[in-house]
Structures are given as C-alpha cells and as structure tokens.
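Sequences listed follow chains L and E, in order. When the letters of the first sequence are read in order and numbered with the working numbering, they come out as residues 1 to 234. When the letters of the second sequence are read in order and numbered with the working numbering, they come out as residues 1 to 252.
No wet-lab data here; the hints were simulated from the structure. It is possible that some hints are incorrect.
[To be verified] Keeping only pairs whose Cα atoms sit at most 30 Å apart, straight-line, the calculated DSS-like set for lysine-lysine is:
1. L:K23 / E:K180
2. E:K138 / L:K121
3. E:K160 / E:K37
4. E:K148 / E:K19
5. E:K19 / E:K37
6. L:K121 / E:K216
7. L:K43 / L:K76
8. E:K159 / L:K43
9. E:K159 / E:K148
10. L:K43 / L:K23
11. E:K132 / E:K160
12. E:K148 / E:K138
13. L:K121 / E:K160
14. E:K216 / E:K37
15. E:K216 / E:K138
16. L:K23 / E:K37
17. E:K19 / L:K121
18. E:K159 / E:K138
19. L:K121 / E:K159
[Said to hold, decoys possible] Stretch-level coverage of chain L by chain E, calculated; a stretch enters the list once three of its residues show a Cβ under 8 Å from a Cβ in chain E:
20. 1-14
21. 193-206
[To be verified] Not close to chain L: a few residues of chain E, all C-beta gaps over 12 Å, as computed:
22. D31
23. E34
24. D58
25. I61
26. Q111
27. G137
28. G146
29. G151
30. D153
31. A186
32. E233
33. T235
34. Q245
The structure displayed is predicted, hence computed values, not measured ones. Beta carbons are placed, not taken as given, at the ideal position from N, Cα and C, and that holds for glycine.
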Amino acid sequence: MTDIAIVDYGMGNLRSVYQAVHKVAPDASLVVTDDPQVVAAAKRVIFPGQGAMPDCMRELDARGLRQAVLEAARNKPFLGICIGLQMLFEHSAEGNVPGLGVLPGEVVRFASELRDAQGNKLKVPHMGWNQVHRIQNPLKATVAPSPTGGGLGRGNTLEHPLWNGIPQDARFYFVHSYYVQPSDASLVQATSDYPQPFVCAAARDNLFAVQFHPEKSAAAGLQLLQNFINWNPL
Amino acid sequence: MLAKRIIPCLDVTAGRVVKGVSFVELRDAGDPVEIAKRYDDQGADELTFLDITASSDDRGIIFRIIEQVASQVFIPLTVGGGVREVQDVRNLLNAGADKVSINTSAVTNPQLVADAAARYGSQCIVVAIDAKQVAPGKWEVFTHGGRKATGLDAVEWAKKMQTLGAGEILLTSMDQDGQKKGFDLALTRAVTDALEIPVIASGGVGNLQHLADGVKLGGADAVLAASIFHFGEYTVQQAKQFMAQQGIEVRL
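The following block holds chain E by itself, in its conformation from the complex (with noise of 0.2 Å):
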C-alpha cells in the first residue's frame, strides 16, 4: 500500500539552511546541497525548500541550489517562497523543482492557483495554508510568516484551493511552529477529512511520537519537519523505523 511520507524541510535564506523559532533567532544549520543530499541517503521520500529571503538582491540563489540538488537527489523537490506569478512556477519548475508551494499569493491572488495548476498539471502545485486556532475548532488563514489575518476559515480555503486545482495542502498550525510539542491534531483532522487531495502536516514537531501522531491521530498524508533533523536529534531513516513500529506503512 501507499507509504506515509516523511518530508524534511529546509528553510533557506542568503545560501544557506536556517531555522528559527516563529522566524526570529535563526539558527545556522548548514549547506543546502550537502543537507539535501544527506537526507536523501537517510530514505527522505520528498524534500522542500522554502526560500525565506529577505532581499530580492538574493532571490536568484534558490534557482542555483534547486539545480545543484536537482541534479545529484533523485526524489520529488517542493520549492516555496515567493511564488507570485505563472513566471515565478515556470522558472522553480525549470530549475529541478518538481512542485512549487503557493503561500501568501494564492490568498491575495486565488487565480494564481487555477493558471498554475492548468499550465502545469494540479500534481506540480502545493497551496501551503498558514493557519492558527481562532475558537475551538475554529482556524483563520494568516500570511505573511502569520503575521497578517486574511479573515478566511482554513478549512474552507483549503476546500477553495482544492476546487482551483491544487494537487496537495502544506498545512501549518502557526501556533505550534516552532514549539515542539507536535502538530495541532484537530487542525490536520479537520482540514484532511474536508479534502480528496493529500495534505502534509507541518509546524511542531519535537519529537518522533509527534511524527506518528500527525498520521495516526491527524490523518496526514505526510508528515514535515526541520529541525529534528536538522540539528542531528534524529535521522529520517529512525523516523521511518519509529513510525513502522507503531503499524504506519513507510518507504524503509
């Protein structure tokens, strides 16, 4: 049967890997390339890179690592980050990507997502959904990192990009990003069970449980993570065994 995926995350800034709690005290974690090829050898089944640049000066950066890891990692890459035109897919998906994340565009521009997903097949575009919990089993649609309200229920919205023709939901709890208590279980239940397409859980994970939990408890197609990995916690491949144990079908 279909395996569950483990997707490391990597967010990328000026060349190299990163990652902060809530996007402020950024961590140094390394090179790109060597990081991407390392958990492909360690049985990754996909890898994301999100371009979190500040400057425009250093956005034709993430074309070069995106060719680099192309060229040598042989499993599905998913870019992200400043996705705001067909132009901005065209060029990710002509650097080696094989997916690109629409975030923040495609709330401010839904057609974004129906151009995309026509030009270049719905399996080649993530809609990557920043949410936080407004009132019990309630959830608000932020962009900009989470900064910005947008008003829009997150299970609706998923629903919306589902129609327009995205292929999968990168959904993030922005309450527990960062936090390492695991994913908010009721947010991923709630958009996975409104949806036909996949969704990968994001945003929490400390620990290996948090991993199963997101699957077993939340209903995910996917589960992603950074800096568990990151930072040499634990390896994808003790992941995988983890997540075997407890009965989750996995690529080992």
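Chain L on its own, in the form it takes in the complex (with noise of 0.2 Å):
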C-alpha cells in the first residue's frame, strides 16, 4: 500500500515535491501518480500544482481524478500546495472558473500597481521568500477544539501540528499572482503581506494547504511537510 500519494494531473513539475518528500521521508513508499485508485487507497495525499486554474481543474478532470481528490480531502491526511490550495475553493477569478469547493471562498488576483510602504512598484506574480504570520488563536472563540486533538498545541495558544519547531514569521518561497479568500475565518492558519495580509495558509479537519512551496522553502519546507508525514488528524 503507498504511503503516500503525489496527485499528478499533468501540470508542471512534481520532481521537486517528490524529491523533497523522499528527503523527509525516505523510507515511506512514494508515488507521483494519475491513478484515481492509487490515490484512494494511499494513506497520505499531497495535491500539489502550478499553472492557471482552470487548465488544473480541466487536467484533473480529464484523468478522472476528481472524485478521488475530493474523497482524499474529506478522510485522510491531505496537503495542499500553491494551486493545490486555490483549487480546493469554491470559485476563482483566474478563468473564471469554479474550484472543487472543498473550502467556502473565493480565489482573487493581486491588485496590479501595488506600492510598497516606500513607494516601490510591487510585482505580480509575488515570487520570493515572505514571512509566514501564524494565527496564534484562529478565530475560533466559539468553537471547541477538533476533538480529533489536531488543533492542540503546546502552551495555551492554539497551534497547528503542521507548525511544529517552525519559527513563528518565519520565510518560505512563494510563486503566485492569486491568493485565497476564505469565507470561514476558522480556516485561516497563517498570513503574509503583499502588501496587505493575504491568507496563505488554510486547514479543517485533516486537511491543511499553503500557498507557498514547501518542497522550495530551505529548511522551514522540510520541516513542515516532515511535520505532514507525521500528522495524524483522524
């Protein structure tokens, strides 16, 4: 049985997050597939992408791989990755196209003739390392804890596994000209700013995507994606 599963729908170049899982991983079995049954019955899923949505989500279909990535994102450990994270929203402006609707919101393009603080002329796409904010208390004020224990960490603020021995603000490698919109607030996991926050990483349940490349970002991307591999939500 594969471990995991790297969800290959033709779209760019999955070398880099299989290189990088196999690095924090070397002993699980790996596999980059387009195989629907493969991803259903591996036990870990990362849906990693690149490219414009809607040539992603016309790839996905045309291998039959939707039900299998929506049945992945409802029940086992899952990892979203740049348009793997866009992909799971409901809408995006980015052909104008529907998403898997996984998660409630939209996917929006960064304004054009954006200034930064000094007046510099900010590029889209937003290429380059950028701290990552974690939520320290997601807005969750009126709801328990996932009694699946995922969302405990140490101390009394609430943290997410997938953080672990990751320094708060710390910088990984982006490559995007949209970003996320939730319509849950109870979604957001951490921000960066462009020059306003934008949400960059969102989680429920067993799932957890970010829109930055792990499998690019140094040490801080290994860590979270070994923190992946040992994640158990369920």
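Bring the two chains, given one by one in their own frames, into a single complex with the hints.
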C-alpha cells in the first residue's frame, strides 16, 4: 500500500515535491500518480499544482481524478500546495472557473500597481521569500478545539501540528498571482503581507493547504513536510 | 514583507563551474554540486546555472548536475543555456530545474516563450536579456553571448516577453559584465519600472554595495552575482547582512 501519493494531473513538474518528501521520509513508499485508485488507496495525499487554474481543473477531470481528490480531502491527511490550495475553494477569478468547493471562499488576483510603504512597485507574480505569520489564536472563539486533537499545541495557544519546530514569521518561497479568500475565518492558519495581509495557509480537520512551496523553502519547508508525514489527525 | 533575493550564478562547462571576463580567460571555480551546497548553506535564496558548454557532446552533463543538486538543495533552481525548444524546457524541468532561462532562442523564436509558458506555467519561464547601451537611456538586446546585435530595444523587448508569458526577466548589462564596477543601474531601473513581473539584475557586481545599489537605486527584485561568491571574497550570508544593514528586506 502506498504511504504517500502525490497527485499528478499533468500540470507542471512534480519532481521537486517528490525529492523533498523523499528527503524527509526516505523509507516511505511514495508515488507520483495520475491513477485515481492509487490516490484512493494511499494513506496520505499531497495535492500540488502549477500553472493556470482553468487548465488545472480541466486536466484533473480529464484524468478522472476529481472524485479521488475530493474523497482524500475529506478523509485522510491531505496537503495542498499552491494551486492545490486554490483548487480547494469554490471559485477562482483566474479564468472565472469553479473550483472543487471543498472549502468555502474565492480565489482572487493581486491588484496591479501595488506599492509598498516606501512607494516602490510591488511585482506580480508575488515571487520570492516572504514571512508567514501564523494565527496564534485562530478565530475559533466559539468553536471547541477539534475532538480529534489535531489542533492542540503546546502552551495555551492553539497551534496546528504542521507548524511544529518552525519559528513564527519564518520565510517560505512563494510564486503566485492569485490568493485565496476563505469565507470562513476559522479556516485561516497563516497570513503573509503583500502589502496587505493575504491568507497563505488554510486548514480544516484532516486537510492543510499552503500557498507557498514547502518543497522549495529550505529548512522551514522540509520541516513542514516532515510534520505532514507525522501528522495523524483522524 | 517579501525579501529581495540574492542569487549566486554558476556558469558551467564540461562539468565545472568557471568564470571569465566577457567569456574569455575562464577560471575554474570548482565542482557545481559542491558549490551549490555551499551557497545553500550560506542562505542563497535561489541558484542559477548557465550551461555555457560549447560542445554538444557535453550537453548531457548539465542534466546530471541538476539531478544531483535537486536531490540535495531545496531552494529554487534556474537553469539556462542552449534552450531552443519546448522539449529542452521539459528535459530541464524533469531533471529538477524549477525555472528555465531562455535567451537567444527568445529572440530567434519568441513563440517558444509563449509555448513554454502555456505548457509549464509562467512561473518557470525566465527570459534572459543581454543588453548594451547604444545611446543615453537606450539599450539594445544582444544575443549569442553578447556578440550579435538584434536591433531590439531592451525595454520594449522586456515588455514583449512579459506579454508572451515570461514570469521573470534576468537582465544582464553586457557593458558591466565582468567589470566589477556595479550593475548598470539606469538600465535596471528602466526595465523594472516598465514591467509588472520581477527583474533580476545581473552583470558587474564587484562588492556588496553594488548588490545593495541594484535594489535601492536600480529597483531590482533580485540580484545575481558570480565571482564575488566563487572566489571567497564574500559569503552569501555577508551579502545579506550588509543589505539588511542598508534597510533592505532579506531572508537571514
């Protein structure tokens, strides 16, 4: 049985994801696959993505992977990366297409002619290393911690276990022009600033998804992947 | 906020990193895999490899190098040199490159940029532009390692590449390259102000102030340098600390 399936729907290059996961889990059985049955049978699923969201959605369906991805996102440890985060939402402004609708909210583009506090032009795509600000007290005041125990960290703050061993405000590598706007604030795990805060990590139950590329984010990224491999939310 | 990137550049031929002045007097700088690991340890934000191999017999070497680096270094890797068709882009990505840099072929066949960006995404397509000043405030695009004039205006060309789908521009001043007198700041400023996509300044770095100037005066989103790192003058870490002292946001 496959321990970890990396979903390959034919968009972009998954070698970097494979290499990084192999680095932190050298003994795991790890496959890059476009076979829905392999995704369905895997213990953990990584859902990466590059390119434009309309192409990604089309290629996912062309391979018959939608149902397997939807099921994995509901019932096993699931890590979305970049477009793999965006595709989980209901709708994207990129090509005006529906997403998978696993999480409530929209995908929108950075405004053009962005400027920083000094008046310098901010480029789109947002490309490079930016700080990830974790939500120390997720906006869950009225919601009890997950009964699965997945959300409870050390001390009196709720910290998701995927942040274990990663310093607050650590820098991760980003490259994207669109970002997610969840309509449920309790999904937000972290934000980054460009120049306004945008959501760069979202989570619910067995699902964790990030806008940045952990596979290209040096030590912090490898730690996050390691935490995902060790995570048992169910 | 987003950090300005420092990108060491490794010119590779026959399996070795070399550096020369304007493509002559090549000096051996060592093994590419060892050097890549060293720069990663020092905190490099990305690495760029330029395959300057003249002989087609040695073309396969770069793939083996990239495969080895990609299994050990987990930061973005850009590879350029001799990219002529979409299949070359695919082969480099499959070897472990995250971005592929297209230079001469972007001029001879601009459709390559459009096709590669459509197939693999703009995020992995870098267009490298080699420019020489031809008049005050005017720069021309050169190809074939700076030997061949194209008649193209560098700023207009950069805008066209952005339109075709380039995700980033690697901008080298042929006047400054190898001179160690600093970037062509006016060129860098002219291109970065004209574009929405990030610009990497290249060519001419001789000290750490030059790197800071590229960001503060040139407006570059990233700065690329080779020889100041290869021959032990400065570490990447020293460069970042220097830039941080100048108020530039960097990943320390």
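Hints and how they fare:
A C-alpha spacing of about 38 Å is found between L:K23 and E:K180, which places the hinted pair above 30 Å, so the restraint is violated. Restraint check: the Cα-Cα separation between E:K138 and L:K121 comes to about 22 Å, which is no more than 30 Å; the hinted pair holds. For the suggested pair E:K160 and E:K37, the alpha carbons sit about 35 Å apart, so the restraint of at most 30 Å is broken. Restraint check for E:K148 and E:K19: the C-alpha separation of about 21 Å stays at or below 30 Å, so the hint holds.
Restraint check: the Cα-Cα separation between E:K19 and E:K37 comes to about 18 Å, which is no more than 30 Å; the hinted pair holds. A distance of roughly 12 Å separates the Cα atoms of L:K121 and E:K216; the hinted pair therefore holds under the 30 Å criterion. As the CA atoms of L:K43 and L:K76 are separated by approximately 7 Å, the hinted pair is consistent with the 30 Å bound. Between E:K159 and L:K43, the direct Cα distance comes to roughly 47 Å. Violation of the 30 Å bound is thereby established for this hinted pair.
Between E:K159 and E:K148, the direct Cα distance comes to roughly 21 Å. Compliance with the 30 Å bound is thereby established for this hinted pair. Taking the CA atoms of L:K43 and L:K23, the gap is near 18 Å; set against the 30 Å cutoff, the hint holds. The hinted pair formed by E:K132 and E:K160 meets the criterion: a straight-line CA distance of about 18 Å does not exceed 30 Å. Of the supplied pair hints, the one linking E:K148 and E:K138 holds, its CA atoms being roughly 17 Å apart against a limit of 30 Å.
Our distance criterion of 30 Å between C-alpha atoms is met by L:K121 and E:K160, whose separation comes to about 19 Å. About 29 Å separates the Cα atoms of E:K216 and E:K37, which keeps this hinted pair within 30 Å; it holds. Pair hint E:K216 plus E:K138 holds up; C-alpha atoms about 21 Å apart against a cutoff of 30 Å. Restraint check for L:K23 and E:K37: satisfied, since their Cα atoms lie roughly 15 Å apart, inside the 30 Å limit.
With a C-alpha separation of about 33 Å, the suggested pair E:K19 and L:K121 falls outside the 30 Å cut-off, and the hint is violated. Our distance criterion of 30 Å between C-alpha atoms is met by E:K159 and E:K138, whose separation comes to about 15 Å. Of the supplied pair hints, the one linking L:K121 and E:K159 holds, its CA atoms being roughly 16 Å apart against a limit of 30 Å. Counting residues of the segment 1-14 of chain L whose C-beta lies closer than 8 Å to any C-beta of chain E gives 3; at least three are required, and the coverage claim holds.
Restraint check on the segment 193-206 of chain L versus chain E: 3 residues with Cβ-Cβ distances below 8 Å, three needed, restraint holds. With a minimum CB-CB distance of about 20 Å to chain L, E:D31 clears the 12 Å threshold, and the non-interface call stands. Every beta carbon of chain L lies more than 12 Å from that of E:E34, the smallest distance being close to 18 Å; the non-interface claim holds. Even its closest Cβ contact with chain L, about 23 Å, leaves E:D58 beyond 12 Å, as expected for a residue assigned away from the interface.
Distance check on E:I61: its Cβ is at least 19 Å (rounded) from any Cβ of chain L, clearing the 12 Å threshold; non-interface status holds. Non-interface call for E:Q111 relative to chain L: holds, since the shortest CB-CB distance, roughly 18 Å, exceeds 12 Å. At the 12 Å boundary, the C-beta of E:G137 stays outside the reach of chain L, the nearest C-beta of that chain being 19 Å off. Separation of E:G146 from chain L is adequate, the least Cβ-Cβ distance of about 26 Å exceeding the 12 Å criterion.
No Cβ of chain L approaches the Cβ of E:G151 within 12 Å, the least distance being about 28 Å, so the stated non-interface status holds. Distance check on E:D153: its Cβ is at least 21 Å (rounded) from any Cβ of chain L, clearing the 12 Å threshold; non-interface status holds. Look at E:A186: its CB is around 17 Å from the nearest CB on chain L, clear of 12 Å, so calling it non-interface holds up. Once the 12 Å rule is applied to beta carbons, E:E233 is consistent with being away from chain L; the minimum gap is 24 Å.
For E:T235, the non-interface assignment is confirmed: its Cβ lies about 16 Å from the closest Cβ of chain L, beyond the 12 Å cut-off. For E:Q245, the condition that its CB be more than 12 Å from all CB atoms of chain L holds, with the nearest at approximately 17 Å.
Checked against the numbered hints above, the structure violates hints 1, 3, 8 and 17; every other hint is satisfied.
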